[in-house]
Amino acid sequence: MSEVKLMKGNEAVAEAAILAGVDAYFGYPITPQSEVIEYLMVERPEDRTGMVVLQAESEIAAINMVYGAAGTGKRVMTSSSSPGVSLKQEGISYIAGSELPCVIVNVVRGGPGLGTIQPSQADYFQSTKGGGHGDYRLLVLAPASVQEMADFVDLAFDLAFKYRNPVMILSDGVIGQMMEKITLPAQKPRLSNEEIIERYGDWATTGKPSTRERNIITSLELDPYRQETHNHKLQAKYKKMEENEVRFEAINCEDADYVIVAYGSSARISQKTMQLARAKGHKVGLFRLISLFPFPKNELNKLADTVKGFLAVEMSAGQMIEDVRLAVNGKKPAEHYGRFGGVVHSPEEVLIALEQKIIGG
Amino acid sequence: MDIKEIIKPENLVYQKTKLMTDAPLSYCPGCGHGTAHRITMEVVEEMGIWEDTIGVAPVGCSVLAYDFMNIDMTQAAHGRAPAVATGIKRTWPEKFVFTYQGDGDLAAIGGNETLHACNRGENIVIIFVNNGIYGMTGGQMAPTTLPGMKSSTSPYGRDIATMGHPLKMTELIAQLPGTYFVTRQAVHTPAAVRKAKKAIRIAFETQREKKGLAFVEIVSNCNSGWKMNPVDANNWMVDNMFPYFPLGDIKVNGELIK
Ligand SMILES: Cc1ncc(C[n+]2csc(CCOP(=O)(O)OP(=O)(O)O)c2C)c(N)n1
Ligand code: SF4
Ligand SMILES: [Mg+2]
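Protein sequence lines, in the order shown, are assigned to chains C and G. The numbering used here puts the first residue of the first sequence at 1, with every later residue one more than the last. The numbering used here puts the first residue of the second sequence at 1001, with every later residue one more than the last.
Be a bit skeptical, because a hint or two may be false.
Here are the simulated DMTMM-like pairs of lysine to aspartate or glutamate, each with C-alpha atoms no more than 20 Å apart in a straight line [what the hints assert, rightly or not]:
1. G:K1168 <-> G:E1209
2. C:K8 <-> C:E213
3. G:K1198 <-> G:E1046
4. G:K1018 <-> C:D151
5. C:K162 <-> C:E180
6. G:K1016 <-> C:D158
Stretch-level coverage of chain C by chain G, calculated; a stretch enters the list once three of its residues show a Cβ under 8 Å from a Cβ in chain G [as the list claims (entries may be wrong)]:
7. 22-28
8. 65-73
9. 249-258
10. 296-307
11. 320-326
These aren't lab readings, by the way, just hints derived from the structure by calculation. From a predicted model like this one, the values you see are computed outputs, not experimental measurements. For glycine and all other residues, C-beta sits at the position ideal for the given N, C-alpha and C.
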């Protein structure tokens, strides 16, 4: 049933959404992710599965359409790139506060401000630390290939509904724009309205039958003590995610003296660096983060017992490095390297940084 | 005669709709929000559609509308109710979806969402309570605050030269082909309440017939924000708000009146 295709990362996300039985997509064009909505408009998923696709008047409207539909138990998705994701933050905070499932894709570009349309990983803080106002977290998945752009859509929805929490697929302009051969999954059917009411009837606003109390989707609690209780509940949920949803890939880390920590396209680039370093006789491993929240802190801390140092490679001025240092907790040196503002580092540049900052030092 | 002998079903002349909860209304005495809630819910009850109706509450004094309306509801971020309703209606087209919004919510921060939901002809009902002020936050100037009208952020009266003109959102959206029924009503007298309720009924019937967006403005007082007692506030509304925001239908069956 599965199908092999050559696709852009952005197209893969869009096709995977149709195949995952997603009910609706709401988005607004922005480079470098406009192919997501363009692909969907060409594909007419309305005819294939009944999936709704709507170009909203803004990212603000798009995320609020997601909020409305997610509150009814539907599987809903939006995508954007950095400036657009900034606009969505109020809505994301509402979605997290009212505990609704949804998937948000950010194909990151360079900032701050309007920045550049070139790839970047400078939205790490925004994605993993909350992003909008209030104490909340997103589950954040970082694809490093076009295949993962597709695979993570269904995974993200599973996690979103498991925890009733927004999940972000944090991609970047490299992964979104590059073409690779991928295997697509078989078509999953969309849930019928009856199935939705049966599964999510205890919270979704699908219309109140006489058999149950009314369902209300809200993040408002005027009594601070009850708001604090609600926050405790959210924190307990995030803790559960930390216990159960850590995802990473450790390549050549067993015998490694030095480990590069990276995610997304920086992990792809650093894989080449690892090969170059090994060819020169340095025992280098790659610790690729797949979940950015939850962050694999225990695993990195354990690794710090056996290696001599870490290099955090990311296309930002140094964001993920803060979590790496917290995880390593001073056991071993952990340094940062990365080009940013839309510049993509080469494997050779990363190797030089590795030799100068970690191996040589 | 004992009072218990009078309270009998056959003597009943009025009954609260079962679609209003028993929660005490949080509104100031004399405020129009409570009446607007009630007649909206009465229409939903009379049409027999409450099991298929989903409401969207705004940010404003009516943020807690979901405490009072006994149906499934979603509370939207400030101004975003039309987008939230769009998300619901597009994924459940067979349900009845309405928003209930104040003037700051609908005409200022949510102007874009309002305009585009109307322009797309979303098959929803928008109930727009215009009290010319930001009631909830303590009486600041709204986009609908009248020229010269005092508020906490126009303490010397709204100065048109620097603060702009009161926005007639309802006339504006009536120009858009996506709107099918657009009207302006009030709830300050029993006659006005009856008319407003009829208008809300037409709005929900418009949605049932999938004709496009139906928009019901209700000009109301905010006696607290206006710093008046309820009676003076209603009189002031009649003398000052109605000339600027005249009551009556603006668009019927997709055709502009006049
Ligand atoms: C993003 C955002 N900005 C500002 C506020 C503060 N705020 C709450 S209600 C309100 C005004 C509401 O006025 P209106 O919509 O006219 O409703 P009313 O209370 O008059 O019925 C404002 C500015 C908010 N909650 N969210
Ligand atoms: S502040 Fe104004 S709008 Fe709010 S409840 Fe009181 S009178 Fe009504
Ligand atoms: Mg107001």
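**Study point:** Ascending list of hint numbers which this structure does not respect
**Key:** 1, 2, 4, 5, 6, 9, 10, 11
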